[in-house]
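Engineer: Residue strings, one per chain:
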Amino acid sequence: MSAEKNNKQGQQLPLTNPATLDSHIDEDDIEETSPWKDTCKHLQKNRFAITGFLIILFFVLFGLLAPLLTSYSYQGQDLANRLQPPSSEHWFGTDDVGRDIFTRIAYGARVSLQVGFFAVTGALVFGTLLGMIAGYFGRWIDTIISRIFDILLAFPSILLAIAVVAILGASLQNALIAIAIINIPIFGRIVRSKVISLREEEFIMAARAQGMKNGRIIFHHILPNSAAPIIVQATLGFGTAILDAAALGFLGLGAQPPTPEWGAMLAGSRDFIQLAPWTLIFPGISIMLVVLGFNLIGDGLRDALDPKMKN
Amino acid sequence: MTAYIIRRLLHLIPVLIGMTLITFSIVHLIPGNPAQTILGEAATQEAVKNLEESMGLNEPYIKQYGIYVTDLLKGDLGTSLRTKAAITKEIWPHIAATFELTFFAMLFAIFIGVNAGIISAWKQNSWFDFLAMLFALVGVSIPVFWLALMEQWVFAQELGWFPAYGRENSRDPIAAITQFYVLDALIHLDFPRVFTILKHLLLPSIALGTIPMAIIARMTRSSMLEVMQSDYIRTVRAKGGGQFLVIYKHALKNATIPVLTVIGLQTGVLLGGAILTETIFSWPGIGRYVFEAINYRDYPVIQSGILVIAFLFVMINLIVDILYTYIDPRIKY
Amino acid sequence: ACSGDGGADPSASEEGNEAGNEEGTSEQKGSNAAGDQVLVYARGGDSVSLDFASISDGESSRVTKNIFESLLDYDKESFEVVPGLSHDWEVSDDGLSYTFFLEEDVTFHDGTPFNAEAVKINFERWADPKHKYAFTDQGYAYPLYGTMFGGYKGDDTHNIKEINVINDYEIEFVLKAPQGPFLQNMAMHYFAMTSPAALEKYGPDIGENPVGTGPFKFVSWSKNDQIILEKFADYRKEGLPKLDQVIFEVIPENSARLIALRSGEVDIIDGINPDDAAGIESEEGLELYVRGENNVGFLGMNVEKEPLNDKLVRQAINYAVDTEAIVEALYADYATTAINLIPPNYFGYNEEIKAYGHDVERAQELLAEAGYDNGFELDLWVMPVSRPYMPDPETVAEIVQSNLEEVGITTNIVREEWAPYLEKTGKGEHELYLLGWSGSNGDPDYFFDSLLHGDSIGGENRSFYKNNEVDELIDQAGAEIDQGQRAELYKQVQAILHEEAPGVNIVHSTPLAAAKSEVKNFIPHPSTSDPLEEVEIATE
Amino acid sequence: MTKPLLEVKGLKKYFEIRGGVFGRKTGEIKAVDDVSFTVREGEILGIVGESGCGKSTTGKSILRLIEPSAGEVTFAGRKITHLDSEELRKLRKDMQIIFQDPYASLNPRHTVEKIIGEPLLVHGTISAEERKKRVKELLKVVGLSSYHASRYPHQFSGGQRQRIGIARALANHPQLIICDEPVSALDVSVQSQILNLMQKLREEFQLTYVFIAHDLSVVKHISDRVGVMYLGGLMELADKDKLYEGPKHPYTQALLSAVPTPDPDDVRERIILKGDVPSPANPPTGCVFHTRCPQAMDICKTVKPAFEEVEDNHFVACHLFIM
Amino acid sequence: MLEVILELQDLHTHFFTDKGEIPAVDGVSLSVHKGEVVGIVGESGCGKSVTSLSVMQLIPSPPGKIVSGKIKFKGEEIVSASNKRMKQIRGNEIAMIFQEPMTSLDPLFTIGNQIMEGIQLHEKISKQDARNRAMALLRLVGIPRANEIVDSYPHQLSGGMRQRVMIAMSMACNPDLLIADEPTTALDVTIQAQILDLMRQLNKEKQTAILLITHDLGIVAEICDRVVVMYAGQVIEEGTTREILKYPNHPYTKGLIRSLPTMNKKEQRLYSIPGTVPKPKMGRVGCRFAPRCDLAFERCFQETPPLFELGKIRKSRCFLNEQTEGGRAENDKTTAGS
Ligand SMILES: Nc1ncnc2c1ncn2[C@@H]1O[C@H](COP(=O)(O)OP(=O)(O)OP(=O)(O)O)[C@@H](O)[C@H]1O
Ligand SMILES: Nc1ncnc2c1ncn2[C@@H]1O[C@H](COP(=O)(O)OP(=O)(O)OP(=O)(O)O)[C@@H](O)[C@H]1O
Ligand SMILES: [Mg+2]
Ligand SMILES: [Mg+2]
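Residue numbers (the working numbering), protein chains in the order written: chain A, 1 to 311; chain B, 1 to 333; chain C, 1 to 540; chain D, 1 to 323; chain E, 1 to 338.
Extracted from the complex, chain A is given alone in its bound form (with noise of 0.2 Å):
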């Protein structure tokens, strides 16, 4: 009877059976992903984040066709003509010189992506690198960095940029390196919390257990492991840099003239916000979009990559 081959079955250890002890899954619980494709999967429902997307894009290309789009040079003068509001001939009108404020948002692009992509870079692989040191190595290592990323902290960002400015003097490269400097406690600290946690978690021991160098476990269990944060910060960044930028360009202390950069341009022309205030609308508005791009990405990049992740 059914009871009785049931019984059998139970003492006929289905153990040397390769067939049963292949445990059972059902081919459609499975997500055929790897943990990227489900990241972009993820962002590809956010709405936000493709309005991010899409705008970052624009300014993109805005910045690569700007020769096409625009017949103006950034820098080419035209005393004649300035202060000249929006019209069919200068759709943004023009600055106190007479310049094409369109050409020279489409050219402040390139600028000021260029300041995010360079300010996050320098800032991402030096605070990656003394925050993995920091938070893997431990002790008194971690207690030095820690104190000074601790120390760099607590002066007010663009305060320290300044100061960084003052030092090396007035340019867009050195606003730049200034910039990437206030950044680097950001990620620094942010690498050194995850690689603890990381520290702790299983596999990482794991990893030992079997016997592994530090440099294979930073680099290849880590590091991957740590890029949800990184990343996340690193769009943001692209923002805050830009906005950082932009305070020093408009103190004068960022990209020198004829460079186009937006913050400069305000500076430049706030004598004119009741004269001409076109002058200052468009740029500023460019220096929104960019970041509120930056933002609407890191943000459902953090969505996408860790739903858990706060700040």
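Since the hints were derived computationally from the structure, they do not count as laboratory data.
Note that CB positions come from ideal geometry on N, CA and C, so glycine has one too.
A couple of the hints might just be wrong.
[What the hints assert, rightly or not] Here are the in silico distance ranges between beta carbons for each label pair:
no. : chain 1 : residue 1 : chain 2 : residue 2 : range
1   : A       : 117       : B       : 331       : 38 to 44 Å
2   : B       : 49        : C       : 499       : 34 to 40 Å
3   : B       : 73        : A       : 117       : 40 to 46 Å
4   : E       : 123       : D       : 303       : 49 to 55 Å
Since the structure of chain A is provided, determine the placement of chains B, C, D and E with the ligands on it from the hints.
Structural biologist: Below, chains B, C, D and E with the ligands alone, put in the same frame as chain A:
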């Protein structure tokens, strides 16, 4: 808890030492010559040299640092090279001005941010939530100085609703006692003046407070949402607690902790951001004081100003940490 | 002294000066105020110190001008010397001795009587770094004294040999050599009289506690915010000053300052963007004021640096820079294109010199001749602050940059903060640089000697220009007393400089100020330090 | 009797509690306090105990994944506690560990192939191709299919992940595997699969296990000998049957009686212990169990009982038996 | 038979997620009588918690939703009850305790405050009285020094103490039904014994019906009167504890029991059910257990078996029961017993 506070204070010591080291080195790294600065555009090299000597600028760095720190401990921030006035005396009104501005900016940011965050979390995925969060995202993306200029243009120039500059009506200055004008006016029981001062505070506070407001709103929302998924909230519900009890008693208090951290950190951002806002709104604050000092290479002022701002920032975060202990009984280490 | 919100003068009505659209509380506030004659003067920066002789910035002297008086004074609208604290003076024939006859019955704000001894103490304080009131240890220095009188006590070049008190109200200055602009210098408000009692009392804090004999006395100063002065009741001129209170307000942003004027929060503003001038002029209730020409804005060249050491290159740059366009574009109509270093209204101005004019081809020819057909690169230093002669240096730099680009000279704009800018250009780290000079005594000597004399290298001669012939001419003119002679000599200097072209003279601006129409008798002075004693506010 | 493979002598691990400005030591958690035992070749030594009693710390300290504070660990005649880091790294080939949490112990960003292949790579004895082959082999051994190799851990269920973890541990033919609660995160029906697999592997590869668990029945099922831990120390250690049938230590007795059995006819007298397990940061003096012991005596409060062999192969740390 | 306190009829609770609709509870029917202890057993993810949360209507929503079915509490249908009514019921008439004592108490409020809150929500009572009640409750659940503990914060208590506090809280209003979702899973064996002891005692003294959710058959044997076995969102077997443990009917239940290592069994190898518990999915046909079942035949894959009634309170969801309705149970006894 006092032990915690003491430990927290002791923790500050290395940070403070590091800060003095940094401010000291910033000043020594900044190219330029203080003696030249004092003597101005028409001084001879020799005069510069003499002055350097009398100022002790040719001493070894270690010794200069020692003197700097000893003076600091005595509460002496040095003398401004430009104005020859004692910085300790000169800096206070600037700190007060910035503090007042930062305070109101933060007040604005917290009030709007926290409430928007709560409502967003409560009505998750509603149109309010959507708009508030979109607005918050835009808010974190606006350059402070641009917002300030636009406000000035629209509300001071075009509409004339608010004053374009300063802390109060310049025709009729207050007899300052504490240098916190709102407080001073209250001490004088001069309520119309309180109103005037608040009116002056409004535009710069909004300009300065927008970014923190947006960040606080987002933080409040996400931390509320997270808390609302927690087990203990489910417990409250299982006891028969309604949405109001859940949100305003349990969720809010628990969500406050990360929000407080953000508030502490954002205050630092505000102190920094004040440099821009203060220039645009002619606010005689510390940011402008330092920035001008950098422009004129007024080294002692740069040094002290940066140090004081950083110190304030550290203190605010200390207060935040201490506040935690009131909110969160778990903190005791 | 207590600030002005206490002792109200209830008799006054405050309609007039509160004309702006201030909120409803203004009435209440007005009754608290010191009186109806309160003038708010808004400017872009704060004073550095109120010890006028130890600093040289315009924002300080703008205030001290109204607290202190010098032995001599300038005319309201020009640099013509008129009596100040001395009602009369005598010059010896050899030009080596000057005797001043002082006003009697004058007291300082603190009640100390003003007399010859006080004058002597003041001058000695500036001349002698070891003087007990010199406060050199606290960082005090008196650079303008050194510049104007050839140095300090003990220097060979120090021109004031001795100061003799003849009696309480007569004082004699004995010079080592005749000095052409001596009286002109004595009228500078840097050399104004501080109460010796106050020097004793405040010591190095004197910079924050000014005590003079002028029409207004100091009340309070909140840094970066406002300085409050009030009427000095015992002022020596009967019936003056007319204002009860003057408040100097700091509003850094040009646009905010104008908004404040428009809304009636302030009465006078200085530093107006020329582009706004037209609007102000046509606006009901506002008055535009134009200061006399008294400055030059130029593009300097460090002639020690290649290729600027080549005269041809310098001339080429002169041809390349379209000064006229700059002036037209950036100064509205409130400036003239500069040809010479000194403004056209100065004596000794050489009218025969013709401007280089904008001539790209000529410039290119010259460059080719000098062997630079392929162009070259230069650093163009731009000052970070706006000055009366150049409200927007950055834009000037951008135009210059694009002008030079046309003739094949590439320029990199270099920006430094103000103090290092001065320091580094003083040391010659720069190549091209923007700067300017404002007269403060109306004498050409102040321009030529400071800016282009070989002895001023390391000081204000940031072009590092040294030409013996020019130096000699300047020295000669400095020691000459006859104005006609001096004028001739300066004309020769200008001719040489034009040919040598150590810089491009760009502009003589007429800085603008604006006030509400109710403000009467406001006469802006070319030195930018405006006497306010006669200003009053029309109440109806 | 086979020779001992692993000898643990006086193992201690105190975690320092640091505080204050300069991270001074302000206290210590006595996670493992003087533990000694031996594991013979081919046997399974079970270690049971309640949460926080130091089981995992013991396991990890043996492998020096956590640096022990004191004591000596000898593995196959070599003193592990004296090896330098490179020697230790090489030795890790022979001693492996399987963790409790099948979710946390696999790197989520690596494919199964990489996870299992990596130990082969780092001890680099075979070519890339052989490695691939071996990974497939290992998958088969633990009952997974070779086509699973390209998948990521999150695509598997808990039981399957645990199999991956086991495959990884097996990669380099270890002699000893420390199993740190390998089944306690699994469902009952899956738990038995894994237990069976582990038993099979032991037979097939002559493995030695130290099997840590808090589930007494699981330990009983799989082990040859069992040690009972309480608050950082071993209370009792004996052959499985001796221990389960004749527990000597009052704690073991209470523990055994507290386990609910799915047998409705099993009506035992329950010994319900009073109170909670004390904190290892502040353990009781004397015998650590005296605060909850139903048979505590005066001496228990002051004198720490030694861990002694009271019968043949039956170790107990209790004053009741030493006197 | 005693009064029925809770009755679920064909309850369907689904989650609407990005990955589609998940039928976490897929037609569950069960009942709890007054004073009775009913256990729900089943492996992780089979829908035990969702069932219990459905009763309390505390399923996170969105994404969860009761799609169909009835929940009758003392005869009152509460799926459609108003929010207000549910608030009255929760904590007052039905109380619930959860698996994680560590996280189920608000860390920022004192124990006393949290217990009082529950009382004050349902009764008009002064603060002082509420506090006294709270202390009495703490004593009731065997907490020493109740007057001190009442003012301490959750983090100051151990896991076992916290679970006692949770129980005290749930008993505050003398509920008719206590739902306990794996109340001892996070606790140690010795502490678990304490808690089970306490629950048994409360059940006896207060006649509170308990719906105990667990995956541990040992606990079921210890304290439950009746057991409901769930598998993949469905009830697959139901009966008295003794019957189920001794004479399981459904192949899954059988397998489950046999795969347990127990203290008394002496087997070299354990039985093991191959495969893993399937994730709930819409539109599944056939017996949920069929893919893992040794006895499965074609029909099992094509039709979902109904719950066969095998006696008054005995049910099983297996087609094998169809063939030999009556004698089935007999047969089972002999085989399993051998
Ligand atoms: N890294 C660490 N730092 C400080 N204390 C630790 C650390 N790891 C473990 N402990 C403490 O040591 C004690 C023993 O921990 P261990 O993990 O060994 O217990 P366990 O018996 O494995 O418990 P479980 O059954 O919960 O896994 C615990 O009190 C724990 O809090
Ligand atoms: N918030 C949710 N969103 C989506 N699916 C959910 C959610 N909560 C539960 N589920 C699904 O419902 C099913 C049943 O979950 P439930 O928590 O009731 O299981 P359980 O039997 O209590 O398991 P455990 O023993 O692990 O507590 C699970 O498969 C799970 O995927
Ligand atoms: Mg463990
Ligand atoms: Mg559950």
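Engineer: Next, verify each hint and record whether it holds.
Structural biologist: Each hint, compared with the structure:
| no. | hint | result |
| --- | --- | --- |
| 1 | A/117 with B/331: 38 to 44 Å | 40 Å, holds |
| 2 | B/49 with C/499: 34 to 40 Å | 37 Å, holds |
| 3 | B/73 with A/117: 40 to 46 Å | 44 Å, holds |
| 4 | E/123 with D/303: 49 to 55 Å | 53 Å, holds |
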